[in-house]
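Q: For reference, the chains in residue letters:
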Amino acid sequence: MIGFQTLFYKEILRFWKVATQTVTAPVLTALLYVLIFGHVLDAHVQVFQGVRYTAFLIPGLVMMSILQNAFANSSSSLIQSKITGNLVFILLTPLSYWEWFAAYVLASVVRGIAVGVGVLVFTVWFVDLSFVAPLWILTFALLGAGMLGALGIIAGIWAEKFDHIAAFQNFIIMPATFLSGVFYSLHSLPPIWLTVSRFNPFFYMIDGFRYGFFGQSDINPLQSLLIVFAFFILLSGVALGMLKSGYKLRN
Amino acid sequence: MSAIQISRIKKNYATLQALDDVSLTIEQGEFFGLLGPNGAGKTTLISIIAGLVRASSGHVSVMGHDVVADYRAARSQLGVVPQELVFDPFFTVQETLRMQLGYFGLPRNDAWLDEVMENLGLSDKANANMRSLSGGMKRRVLIAQALVHKPPVIILDEPTAGVDVELRQTLWKFINRLNRDGHTIVLTTHYLEEAEELCHRIAMLKSGQVVALDTTRALLQRIAGSQLKLRLSGAPIPISLHPQQALAESPYTIFRINNSSDVEPILASLRQAGCVVDDLQLQQADLEDVFIQIMGEAK
Numbered sequence: 000m001i002g003f004q005t006l007f008y009k010e011i012l013r014f015w016k017v018a019t020q021t022v023t024a025p026v027l028t029a030l031l032y033v034l035i036f037g038h039v040l041d042a043h044v045q046v047f048q049g050v051r052y053t054a055f056l057i058p059g060l061v062m063m064s065i066l067q068n069a070f071a072n073s074s075s076s077l078i079q080s081k082i083t084g085n086l087v088f089i090l091l092t093p094l095s096y097w098e099w100f101a102a103y104v105l106a107s108v109v110r111g112i113a114v115g116v117g118v119l120v121f122t123v124w125f126v127d128l129s130f131v132a133p134l135w136i137l138t139f140a141l142l143g144a145g146m147l148g149a150l151g152i153i154a155g156i157w158a159e160k161f162d163h164i165a166a167f168q169n170f171i172i173m174p175a176t177f178l179s180g181v182f183y184s185l186h187s188l189p190p191i192w193l194t195v196s197r198f199n200p201f202f203y204m205i206d207g208f209r210y211g212f213f214g215q216s217d218i219n220p221l222q223s224l225l226i227v228f229a230f231f232i233l234l235s236g237v238a239l240g241m242l243k244s245g246y247k248l249r250n
Numbered sequence: 000m001s002a003i004q005i006s007r008i009k010k011n012y013a014t015l016q017a018l019d020d021v022s023l024t025i026e027q028g029e030f031f032g033l034l035g036p037n038g039a040g041k042t043t044l045i046s047i048i049a050g051l052v053r054a055s056s057g058h059v060s061v062m063g064h065d066v067v068a069d070y071r072a073a074r075s076q077l078g079v080v081p082q083e084l085v086f087d088p089f090f091t092v093q094e095t096l097r098m099q100l101g102y103f104g105l106p107r108n109d110a111w112l113d114e115v116m117e118n119l120g121l122s123d124k125a126n127a128n129m130r131s132l133s134g135g136m137k138r139r140v141l142i143a144q145a146l147v148h149k150p151p152v153i154i155l156d157e158p159t160a161g162v163d164v165e166l167r168q169t170l171w172k173f174i175n176r177l178n179r180d181g182h183t184i185v186l187t188t189h190y191l192e193e194a195e196e197l198c199h200r201i202a203m204l205k206s207g208q209v210v211a212l213d214t215t216r217a218l219l220q221r222i223a224g225s226q227l228k229l230r231l232s233g234a235p236i237p238i239s240l241h242p243q244q245a246l247a248e249s250p251y252t253i254f255r256i257n258n259s260s261d262v263e264p265i266l267a268s269l270r271q272a273g274c275v276v277d278d279l280q281l282q283q284a285d286l287e288d289v290f291i292q293i294m295g296e297a298k
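Keeping their order, the protein sequence lines are chains P and L. Residue numbering for the first sequence follows numbering that gives the first Met the number 0, starting at 0 and increasing by one per position. Residue numbering for the second sequence follows numbering that gives the first Met the number 0, starting at 0 and increasing by one per position.
One should not assume that every hint holds.
[Stated by the list, open to error] Below, a list of computed lysine-lysine pairs in the DSS-like style, where the Cα atoms sit at most 25 Å apart: (1) L/LYS137 with P/LYS81; (2) P/LYS16 with L/LYS124; (3) P/LYS243 with L/LYS9; (4) L/LYS9 with P/LYS16.
[Claimed, not checked] In silico contact screen, one side only, chain P against chain L (beta carbon under 7 Å); selected entries: (5) ILE1; (6) THR5; (7) ILE11; (8) ARG13; (9) LYS16; (10) GLN20; (11) LEU91; (12) PRO93; (13) VAL123; (14) ASN250.
Simulated from the structure, these hints should not be mistaken for lab results. Idealized CB from N, CA, C, for every residue including glycine.
So that you can see chain P by itself, here it is in the shape it has in the complex:
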């Protein structure tokens, strides 16, 4: 247990020591989104009945920040350690692959939630935001961050250079989050894009998370929860398999 605790603490300390880059900057980015999109669209767009556009936007941005930062934490930690060679200090230890997985995923969850809370704290003043079902909010936030933490482990192990992580982030994570209903309701899309979006797991995370705020969602939140949970299990299984086999870690 001490081994897991130490690795978890190290992963927390790693991002906290550069909190300007890892926490403050993403909070500021989300704040800018709210200021710009809220200002431009608030008077023109209404997605849910009785909910202002800015209010609709904030939970989406909070979840997007949670997901992107959870992914960034585990993936950047692993690729940095691989490139600089200091991963050897962990590879030489008796830490089990379960301890590795748990420490990296939980640290990713902590960073994701820290950024998410930061975004919420600084944006909640713009509108009257309701919290209809806080447990759903918490469940989707934790599960989504855990899923992206696991995906970050997969990317971090698979990547051989920073460029690979950047590609993963820019060509998979970024489009998947932007096209998941952060800025719009899926029902405002043409039928073809509506169908395509249903294959995007990020959509279910954001839709379910938003349900916790407004009690309204594009699809049944229980269905979203099951889909997100299934993806979490799938990605965790892959990440654990990679850690256990030593894929790209132990030649």
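On the provided structure of chain P, position chain L as indicated by the hints.
A: Relative to chain P, chain L alone:
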């Protein structure tokens, strides 16, 4: 129970066979040297023992624990100083050492960490960030990291490569003390005088195979007595002296001799053959001579 038991280890990288059927037993309390030229397979073998690399076939155990099947127990018994000068730029020296202790499942023990830092001359750098340290200081931290969990078996992969005399002396004093306290030490180094002075037993690797395995004393005795190094010109060396010739070190021709009374007959034969002695040196054979000879023989 042996400290390290290596049984028929093979390691293939695509078309390259890095290790070819290597078997070695290192007993507890030994100060063991693993020598060989670059690319001989030393680091690959150490990496397999440490669990950083998976062998293609064969088995390795550390203190009776298989490094694959029982990896947690094996790794807890082992401290490895890697060859590469790596560090985590986010942390201070003390944070680095505390974390390394924690990874091994051991509770915080600042008294022991202070002792390790004191012995390696790191005390005044405890709160310095790893990035700010010189190369020599970073090397000291690497050594400290390998020792924090008090492993019974310690592997040092070229720990003195590119470090100053002061660190070498500090390091060997500390490592010798650990060895006297019962720790098994495995050392790879290109400084053969270090290996000769420190190691009780030595294995030499070449092209992934063990080409010599004996006590340091026995290896030194393979080159009986001394060596007569001559820089010659004029006529070729007479055939009668060929059996006494050792591997040449250009521009010197080397003759093995048992004692100084063997010198004059060799010089007489050379004079008679018309050879001119331009330079003469009489040397006691050392591990470097043994190394050169064994590597030459094992072509």
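Q: Against chain L, is P/VAL123 within 7 Å by beta-carbon distance?
A: Violated, because the Cβ-Cβ distance from P/VAL123 to chain L comes to roughly 32 Å (cut-off 7 Å).
Q: Would you check whether P/LEU91 satisfies its interface hint, that is, whether its CB is within less than 7 Å of any CB in chain L?
A: holds, 5 Å
Q: Given the hint that P/LYS243 pairs with L/LYS9, does the C-alpha gap stay at or below 25 Å?
A: holds, 22 Å
Q: Using the nearest Cβ pair, does P/LYS16 come within less than 7 Å of chain L?
A: P/LYS16 check passes; min Cβ-Cβ to chain L is 5 Å, inside 7 Å.
Q: Could you check if P/ARG13 really has its C-beta closer than 7 Å to a C-beta on chain L?
A: P/ARG13 check passes; min Cβ-Cβ to chain L is 5 Å, inside 7 Å.
Q: Is the shortest C-beta separation between P/THR5 and chain L less than 7 Å?
A: holds, 3 Å
Q: Checking hints one by one. Is P/ASN250 an interface residue toward chain L, by the C-beta closer than 7 Å rule?
A: holds, 5 Å
Q: When the nearest CB of chain L is found for P/GLN20, is that gap smaller than 7 Å?
A: violated, 12 Å
Q: Minimum Cβ distance from P/PRO93 to chain L below 7 Å?
A: Constraint on P/PRO93 satisfied, holds at 4 Å.
Q: For the hint on P/ILE11, just tell me whether its beta-carbon gets within less than 7 Å of chain L.
A: This interface hint is violated because 11 Å lies over the 7 Å limit.
Q: Straight-line Cα separation of L/LYS137 and P/LYS81 no greater than 25 Å?
A: holds, 18 Å
Q: Hold the hint about P/ILE1 up to the distance rule: shortest CB distance to chain L must be less than 7 Å.
A: holds, 5 Å
Hint violations for this structure: numbers 4, 7, 10, 13, all remaining hints satisfied.
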